[in-house]
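Let's have the full structure, built from the sequences with the hints guiding it.
Now for the letters of each chain:
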Amino acid sequence: MLDDFFIRALIAGIGVAIVTGPLGCFVVWRRLSYFGDTLAHSALLGVTLAYSMEFNIAFSVFIISSLIALTLIQLQKRTNLPGDALLGLLAHSSLAVGLVVIGFLSFIRFDIMGLLFGDILAVTVDDLLIIWIGGALILLVLKLIWKPLFASTVNYELAEAEGLNPDRAKAIFTILMAAIIAISIKMVGLLLITGMLIIPAAMARNISSSPQKMVIYSIIGGLLSVILGLFSSLEFNTASGPSIIAASLFLFILSLLNIKQSIKLKN
Amino acid sequence: MGSDQNILVKLNKAGFSLNNKWLVKGVSLQVEKGKIVTLIGPNGSGKSTTAKIALGIYKKIDGSVEKYTNKVGYVPQKISIDWTLPLRVNDFMVLTESLDKESIDEALSLTGVIHLKDKNLGDLSGGEFQRVLLARAISKKPELLVLDEPVQGVDFTGEIALYELIKKISDELNCGILLISHDLHTVMSATDHVVCLNGHVCCSGSPMDVAKNNEYKALFGEQASQILSRYEHRHDHVHTSEGEIKKN
Chain A
-19 MLDDFFIRAL
-9 IAGIGVAIVT
1 GPLGCFVVWR
11 RLSYFGDTLA
21 HSALLGVTLA
31 YSMEFNIAFS
41 VFIISSLIAL
51 TLIQLQKRTN
61 LPGDALLGLL
71 AHSSLAVGLV
81 VIGFLSFIRF
91 DIMGLLFGDI
101 LAVTVDDLLI
111 IWIGGALILL
121 VLKLIWKPLF
131 ASTVNYELAE
141 AEGLNPDRAK
151 AIFTILMAAI
161 IAISIKMVGL
171 LLITGMLIIP
181 AAMARNISSS
191 PQKMVIYSII
201 GGLLSVILGL
211 FSSLEFNTAS
221 GPSIIAASLF
231 LFILSLLNIK
241 QSIKLKN
Chain B
3 MGSDQNILVK
13 LNKAGFSLNN
23 KWLVKGVSLQ
33 VEKGKIVTLI
43 GPNGSGKSTT
53 AKIALGIYKK
63 IDGSVEKYTN
73 KVGYVPQKIS
83 IDWTLPLRVN
93 DFMVLTESLD
103 KESIDEALSL
113 TGVIHLKDKN
123 LGDLSGGEFQ
133 RVLLARAISK
143 KPELLVLDEP
153 VQGVDFTGEI
163 ALYELIKKIS
173 DELNCGILLI
183 SHDLHTVMSA
193 TDHVVCLNGH
203 VCCSGSPMDV
213 AKNNEYKALF
223 GEQASQILSR
233 YEHRHDHVHT
243 SEGEIKKN
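Chains A and B supply the protein sequences, listed in that same order. Under the working numbering, the first residue of the first sequence carries the number -19, and numbering increases by one thereafter. Under the working numbering, the first residue of the second sequence carries the number 3, and numbering increases by one thereafter.
Just so you know, these hints were derived from the structure itself, not from any lab. Be aware that a few hints might be false.
[Stated by the list, open to error] For lysine to any residue, the following SDA-like pairs were computed, each having C-alpha atoms within a straight-line distance of at most 20 Å: (1) B:Lys61 x A:Arg58; (2) B:Lys73 x A:Asn135; (3) B:Lys27 x B:Pro44; (4) A:Lys127 x B:Asn92; (5) B:Lys80 x A:Arg58; (6) A:Lys127 x B:Asp102; (7) A:Lys127 x B:Lys103.
Small disclaimer: the values here were computed from a predicted structure and weren't measured.
Now the structure itself:
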């Protein structure tokens, strides 16, 4: 018999995987994995603010991550520093500020491990609503901006020249990244969210021949990772986030076998 | 000719600078429906920059651009595609606009690459990719085509065929074309208006006017203007026999 908390975790994980699948493809295509990390690090600050002001965690994380993303865009325009230095600056300073704020909140008992690595026990019915409604909104918006976003991912100038407004699509995508981090933080934990975005998509890249297929395989990979990961988390009493990511790594390794085979066929 | 409704894009003393250096300055030109305007000039004379100004890719410009159409097809000079994307020719064709199968097949057939439809973009040769780029630009039946060295890397016979195709498209779709090319004698056969650039407009007019211009001769040398005159001779042949031209 499965416990209620486990069923909730499963429903939550499935919701998250459906959304991280397509977003993760764009993270891989647009080389945004470090950007995802930066937003995830800044999520700690969002969580602490949520605790101190008794605010909804997902909402607070969304606001802080969006602010960090907008700050990054402004810094890119106004300084000559390279992009990765700016990302590092924002990631570590927001993480540090978040940890300092935790220090001030000594009256609240924090489950730091749960925050960093995810905690299936913590998923509530409210969280499920946030994940599924938020996730549906993210997918809807992604569908609306798909054409300009995808075209500018392939080639910015073609998209711009042929009237698709890629800058707007990029800005909206940035907000979607903040949103997916906000809704998945409880499941996967802030240190591993980017893994949930990248690893299923990377696995999908190994076995797909078109962008649409890659998105579908990425979703399937995410779903399998969540199911495998959560059951093993229950079985071995491990944290949910690392278990899910380890499961996705396992799938990635399987997909490498597929590449080897197709290379052999070519020769 | 020149009635305002026919104008697709118009540059008024347009210029663009990067890091306090002018890439091109004071360019005025217009592209009209059914006309081919060709930009010529040495390397670094601002041809691609001018095209990007006309397309609205560069926004912080000097002067002004008036664009009267959103149906634009663009073949850039350089395109770097990231191979983290699994992208087949067929996916690339519908990149900026959804098209039905017939339009895709027709465009790919016109540029002679229909057999590559399901191939991965990364597996194409330079010339094949160039043909796909051109097919993509024409498949959406644009009102304005901007072609930045559209036949680079294409084999010699293919080059002539593609220039003929470009001319045919301009007639059939009645679209305006802004063409950039180094290949003086092939281009001139179809061009209505030539703009010779060297950081600014050094001269412009019909191909023959430009060929006679002293600044043009100074820029390209006496030989280049001979190419144009020789071309004039070849032009007579086009109407009598096409086969002979290809022999020349």
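**Message:** Hint compliance check: list the failing hint numbers for this structure, sorted ascending.
**Reply:** 5
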